[in-house]
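Chain by chain, the residues run as shown.
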Amino acid sequence: MMRIVSYLVLLLMTGVMFITTSGLPELYNAKSAPATHVSPHYIENSKEETGSPNFVTAVLADYRGYDTLGETTVIFTAGIATVLLLRTSKGKEEKDSKKACLEEGKE
Amino acid sequence: MKEYFTRYIIYWLIFVLFMIGPYGMIFKKNLLKKLMAMNIMQVAVILFFLVLGLKTNGSIPILDSGIIGIDNYINPIPHALMLTAIVVSLATTGVSLALLLLIQRRYGALEEDELLRRMNK
Amino acid sequence: MNKRFGTIVLDTSFRFIIPFIMVYSVYVLIHGEDSPGGGFQAGALFGIVFVLSRLVQGEDCALKISGTKAIMLAGVGTAIYGFVGVLTLIFGGNFLQYGALPLNMHEPERHAMGILGIEIGVTLCVMATIIAIFDALTRREEM
Numbered sequence: 507m508m509r510i511v512s513y514l515v516l517l518l519m520t521g522v523m524f525i526t527t528s529g530l531p532e533l534y535n536a537k538s539a540p541a542t543h544v545s546p547h548y549i550e551n552s553k554e555e556t557g558s559p560n561f562v563t564a565v566l567a568d569y570r571g572y573d574t575l576g577e578t579t580v581i582f583t584a585g586i587a588t589v590l591l592l593r594t595s596k597g598k599e600e601k602d603s604k605k606a607c608l609e610e611g612k613e
Numbered sequence: 054m055k056e057y058f059t060r061y062i063i064y065w066l067i068f069v070l071f072m073i074g075p076y077g078m079i080f081k082k083n084l085l086k087k088l089m090a091m092n093i094m095q096v097a098v099i100l101f102f103l104v105l106g107l108k109t110n111g112s113i114p115i116l117d118s119g120i121i122g123i124d125n126y127i128n129p130i131p132h133a134l135m136l137t138a139i140v141v142s143l144a145t146t147g148v149s150l151a152l153l154l155l156i157q158r159r160y161g162a163l164e165e166d167e168l169l170r171r172m173n174k
Numbered sequence: 606m607n608k609r610f611g612t613i614v615l616d617t618s619f620r621f622i623i624p625f626i627m628v629y630s631v632y633v634l635i636h637g638e639d640s641p642g643g644g645f646q647a648g649a650l651f652g653i654v655f656v657l658s659r660l661v662q663g664e665d666c667a668l669k670i671s672g673t674k675a676i677m678l679a680g681v682g683t684a685i686y687g688f689v690g691v692l693t694l695i696f697g698g699n700f701l702q703y704g705a706l707p708l709n710m711h712e713p714e715r716h717a718m719g720i721l722g723i724e725i726g727v728t729l730c731v732m733a734t735i736i737a738i739f740d741a742l743t744r745r746e747e748m
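Residue numbers (my numbering), protein chains in the order written: chain A, 507 to 613; chain B, 54 to 174; chain C, 606 to 748.
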């Protein structure tokens, strides 16, 4: 029963996405919404304003440098999280092994 | 009809790729497979944003003296945003893999029903 | 990954290809302003060098950075990024306004130097995070 409901929900989501496709911006069109608001300014002025012919680098490091600082911090935090999750605390392990040895001796 | 089809076919393919994600996350029992489905979903979102930057006759977003005019460079903003999204997805995948490794070490299983059974013991 | 994996062909081709990957990574970093590339890509390439070394040569590989050292390196990278921003603050600009850097250059060149500075930070952070994640995931379980 739950399986059928899940399939129906998935089908509904897919259907909604396919139906509302015509509301998305038109592809390949230089006058569509994503290509008009602020990107012409970046394309026209980034060479004079930032000295970088690569627009992507100009946007990433200069116009939106603060964002990239946040992203770098996110990556750093994720790295710390991985290392802390999988750390092997030596002191605790030694204690555990000592305890195991003692228990073995008792038995 | 044909024009309608060619205009939206890329969006439809991306939607199909996207729906692999919820499908896998709902129906697969293995946690690693769920994580892979989530990553596929992430790739679909990244592709969706990259597609928004396309233009007819658009060159790569690097200033070239031979190419003049705004319409001849593709939109640089989705590229800049998705570049960081890709690297962040790498880091978060690392964290989730670490969590899965801990679950595997503690319970000895990654299957959902098996996990529930061992947790209730 | 803990055991040595390579045969003689793999070992030799590994030694041959590693310097080229390193040089390519530095090229991608330094030419990030006027060609495709930048800090994130250079960091991924340089991280791959250490991952490959660990994969091919096993645990006693030549190029090795342990997980703790790698995470310190990632912190240094993030700190470099923040330091460039604070430097512009000290010399009277806004945060990350590279025009305020005290260099005897034209304004666009000062911007380029600032971008290079923060991209070195990003490269270190991404490289070290990749190494740290790989090292943590593949460490031998001490039981």
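These are calculated hints, taken from the structure and not from any lab test. Ideal Cβ placement from N, Cα and C applies to all residues, glycine included. Treat the hints with caution; some may be incorrect.
To be verified - With the Cβ distance kept under 8 angstroms, some of the chain B side facing chain C (calculated, not the full set): (1) Leu66; (2) Ile115; (3) Leu136; (4) Gly147; (5) Ala151; (6) Ile156.
Stated by the list, open to error - Sample of chain B residues at the chain A side, in silico, Cβ under 8 angstroms: (7) Val141; (8) Ala144; (9) Leu152; (10) Leu153.
Status of the hints after comparison with the structure:
Hint status for B:Leu66 relative to chain C: violated, with the closest Cβ pair at about 25 angstroms, above 8 angstroms. Taking 8 angstroms as the C-beta cut-off, the interface hint given for B:Ile115 holds, the closest approach to chain C being about 7 angstroms. Given the 8 angstroms rule on beta carbons, the hint for B:Leu136 holds: about 6 angstroms separates it from the nearest Cβ of chain C. Here the hint on B:Gly147 is kept, as its CB sits about 4 angstroms from the closest CB of chain C, short of 8 angstroms.
Annotation: B:Ala151 was flagged as interfacial toward chain C, and the flag holds, the nearest CB pair being 6 angstroms apart, inside 8 angstroms. Because the beta carbon of B:Ile156 sits about 14 angstroms from the nearest beta carbon in chain C, more than 8 angstroms, this interface hint is broken. Interface restraint check: B:Val141 against chain A, minimum CB-CB distance 6 angstroms, threshold 8 angstroms, status holds. With 8 angstroms as the threshold, the beta carbon of B:Ala144 comes within range of chain A, its nearest partner Cβ sitting at about 3 angstroms, so the hint holds.
Annotation: interface hint on B:Leu152 holds; nearest CB of chain A at approximately 7 angstroms, less than 8 angstroms. Interface hint status for B:Leu153: violated, as the beta-carbon distance to the closest one in chain A is roughly 10 angstroms, over 8 angstroms.
Of the hints listed earlier, those the structure fails to meet are numbers 1, 6 and 10, in rising order.
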